[in-house]
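K.L.:
Chains as they are written, first to last, in this note's numbering: chain A, 1 to 208; chain B, 1 to 107.
Some hints here could point you the wrong way.
Below, simulated PhoX-like cross-link-like pairs (lysine-lysine); rule was C-alpha separation at most 20 Å, straight line [stated by the list, open to error]: (1) Lys182/A to Lys201/A; (2) Lys80/B to Lys134/A; (3) Lys161/A to Lys66/B; (4) Lys33/A to Lys96/B; (5) Lys5/B to Lys92/A; (6) Lys141/A to Lys96/B; (7) Lys49/A to Lys96/B; (8) Lys39/B to Lys66/B; (9) Lys40/B to Lys5/B; (10) Lys96/A to Lys33/A.
Simulated from the structure, these hints should not be mistaken for lab results.
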Amino acid sequence: MARLNVNPTRMELRTLKNRLKTAVRGHKLLKDKADETVRQFMNYIRLNKQLREEIEGEVTDALRSFLMASAVNSPETIEEAVAMPARSVRLKSDVKNIMSVSVPSIEIEEGDATELYPYSFASVSSELDSSIAKLSELLVKLVRLAEVEKTCNMLADEIEKNRRRVNALEYVMIPDHEETIKYITMKLDENERANTIRLMKVKSMLAK
Amino acid sequence: MPNNKIAVIGDKDSVLAFRALGVDVFDARTDEEAEDRLKKLAREYSVIFITEDIAERISDIVARYKTRPYPAVIPVPSAKGSTGYGMRGLSKDVEKAIGSDILFGDK
């Protein structure tokens, strides 16, 4: 490991020792943080996987029945039927803090519950009704998925960053400081001994 | 700050159904169109669903929004069924965080 480029003085030694102490403490803290983040991440990713598995099947189903509906009716009718939605979706989006990572927390805001179907039942086939009913149920889940998946993305990113920090401290910063401290201590001791010897020499020369 | 709305980007067959729910729907015929659309929507919407096949083709743009809390860009299957892109994204996350894929390893 590379030694830091510093002068071997007592003052440097003291600052380095302080810095090493901080680094060791930071390393421990970051390591604890990594453990906890991974634990949280595992919870979220399991939930994410489960939600995604459910959703992939259901969304495809709903969209298939929508396709069926568009096969039965003319495309113009379908487009006309859905062109003016009867209600609009609002979200309540906030930022949550998990292990000092800002993750989104999204909720569907229940608007005034108006009619779900924005068209008259006479004009289109029943496949469209079931498709839209399914999708509107799914929307809550989809929003939940969005929240969880985003959280997973961000936690994964944070874990990776954190691991870099931990490794940098553990394998570079701390060993470097330890080595430099050792070097300075040796150098100071050496100076001390040289001084003593010099004094002894001078004394013996004077005694002659 | 996001405007608390949901957007869906995808091919016409897949996204039209979402319109009835009061979600803002944008169809994209080409990849360039989808890219431009996503870049524009990312400034306003808090959740953007994008069909898997398109998300896969413009994944470098999608990846850009991964580290920010908003918007959440989420791939969803299209009417043609799931391509597995969303699931692959999950296992990539696991790999990134833990170092090896322990959750999907059984497959």
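K.L.:
Each hint needs a verdict: does it hold in this structure or not?
P.N.:
Taking the hints in turn, this is what the structure says about them:
For the proposed pair Lys182/A and Lys201/A, the alpha carbon gap of about 28 Å is over 20 Å, so the pair is violated. Of the pairs offered as hints, the one joining Lys80/B and Lys134/A holds, with about 17 Å between alpha carbons and a cut-off of 20 Å not exceeded. Between Lys161/A and Lys66/B, the direct Cα distance comes to roughly 14 Å. Compliance with the 20 Å bound is thereby established for this hinted pair. Straight-line distance between C-alpha atoms of Lys33/A and Lys96/B comes to about 16 Å, which keeps the hinted pair within the 20 Å bound.
The straight-line distance between the Cα atoms of Lys5/B and Lys92/A is roughly 9 Å, inside the 20 Å bound, and the hint therefore holds. With a C-alpha separation of about 26 Å, the suggested pairing of Lys141/A with Lys96/B is violated against the 20 Å cut-off. Restraint check for Lys49/A and Lys96/B: the C-alpha separation of about 16 Å stays at or below 20 Å, so the hint holds. Distance check on the hinted pair: Lys39/B and Lys66/B sit about 13 Å apart at the alpha-carbon level, within 20 Å; holds.
Distance restraint check for Lys40/B and Lys5/B: the Cα-Cα separation of roughly 14 Å lies within the 20 Å cut-off, and the hinted pair is therefore satisfied. Taking the CA atoms of Lys96/A and Lys33/A, the gap is about 17 Å. The hint holds against a cut of 20 Å.
When each numbered hint is compared with the structure, violations occur for hints 1, 6.
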